[in-house]
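For the protein sequence lines, the chains are A and B, in the order given. Using the numbering used here, read the first sequence as starting at 282 and increasing by one per residue. Using the numbering used here, read the second sequence as starting at 132 and increasing by one per residue.
You may find that some hints are simply not true.
With a straight-line Cα cutoff of 16 angstroms, these simulated EDC-like cross-link-like pairs (lysine to aspartate or glutamate) come out [said to hold, decoys possible]:
1. Lys308/A <-> Asp135/B
2. Lys308/A <-> Glu483/B
3. Lys308/A <-> Glu175/B
Don't read these hints as lab results, they were simulated from the structure. What you are looking at is a predicted structure, and each value in this text was computed from that prediction instead of being measured.
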Amino acid sequence: MSDFVFLFRSTPEGQRAAMGTPEAAQKSLQTWLAWIRELEGKGHLKNPGQPLEPTGKVVRKDKMITDGPYAEAKDLVLGFMIVTARDIDEASTLAEDCPLVKGGGNVEVRPVRVLNY
Amino acid sequence: MDLDEHLFRRESGRLVAALTRIFGVHNLTLAEDVAQDAFCRALEVWKVQGTPDNPAAWLMTVAKRRALDLIRRDRTARTFAPEMGRLLDSEWTSAAAIDEAFAAHTIRDEQLRMMCSCCHPRLPEEVQIALILNILCGFGAHEIANAFLVNRAAIEKRITRGKKVLAGARRLFDLTDAEFTVRLSATRHALYLLFNEGYHGASADAAVRADMCAEAIRLIALLRDYPPAATPETDALAALMCLHAARLPARVDDAGDLQQLFEQDRARWDLSLVAQGLALLERSAAGSEVTAYHVEAAIASAHISAPTPEETDWRLIVSLYDRLIAIAPSPVVALNRAIAIAQRDGPDCGIEALLAIGDTDRLARYPFYPAALGELELRRGNYDAARNHFAAALALARNPPERRFIEKRLDACA
């Protein structure tokens, strides 16, 4: 088994659609809870991760520090999670059911590199 | 733990009421944003940590904290609720003032004030109902549009227009105002219409309609919880809602088809709502006044008290309809009265009563007027006439269940 990081991305419009009304927000919550419960139940959830604040700073070479990521960003990283799966294919299949994917966002699945000699 | 299915929607109305108490009705959008923030925060945190033991209290804590942050930030730039006076000026008093705004009795009162404000005499009824659904019940514009079969832009326009009037008033309706009785009556009427839209409305989505009935019942309970609003007329309206809602589970069969009252499986009626409704009806007799709600509740009770359709006391029901027509004449009441007359005196008398309804303009687009004519012609054995009426009804059907229902009646004319 290997570890994979799920990076959750969505657009401001996607977020609005998912959270726009109390009923929509609750539906989003319930589908998320169901998805996470299933990951947990099948032993795939290694670390539930943390949500990220939508804004912060971006630091670049010329020491210019900007508020960011980017005001006009199409994709905002909402948070991450660590999942255990047999291989990248299984990890991707697990990510397919993420409510974010159905709601117009995306999940980036990245294997955690194993450091050895 | 498992979440109540409509927790957010219900809490939305409560949070917005409490937050409006603090920010003032001119900052209604801000109050709504803070409530919305609390839901977003809940999604982030509950996802990782699971649902808290008391989700409603959790949401409230988040909303309070956010309100305090906003007050600190905007203290000099914004004016808040005039009722708050200088309470929000200092750190010491603002935290206490926020706690007070979120106390159970304040939330109840603020929801009532909000309801009364939504029923401002300058606003047409359809705007009042849209506002109540949006602010107090947490329905979004597209959800309301879906419930009323009206396009979303029209609903958004109603809500915007209504909120402008609310904001213009600067403060919510004062429950000690001399106008209270008048406003209470308008509020009851709006809740009655909201319930009716859920019960008889055009939307094909039975779940949406049942939600509207449930919301109307929840809001009328708020009125009953506030002694000056808990009048016999309020009890009568609450009775009426319970007695109708009790029959909701039997109105649609397992295939999703509409069932006539005579064919309903009475075992599916909700007995606890029946009992509540009958108890409320009894309470409503406390005063000397007999209102339209009293009579309508009495009619519902006459239907629900019959163990079988054949045992229905049509004599009583017709006399109640006669009374209702005298208090609150309307073509739909006249239509129902004619149906009761047909049950009591036979289809000839029923048809005569149907044709005698004067103001049929308002029935012109109501499928159940021609459907009633068709039904009675069918009983008289006039198949051709019945078929014509049902065909007219079919053209007016507002959704697939109504269409299927009328198609079945058409088949019966063969």
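To see whether the hints hold, each was checked on the structure:
no.: 1; hint: Lys308/A <-> Asp135/B; result: holds, 11 angstroms
no.: 2; hint: Lys308/A <-> Glu483/B; result: violated, 51 angstroms
no.: 3; hint: Lys308/A <-> Glu175/B; result: holds, 14 angstroms
In the structure shown, a violation is registered for the earlier hint numbered 2 alone.
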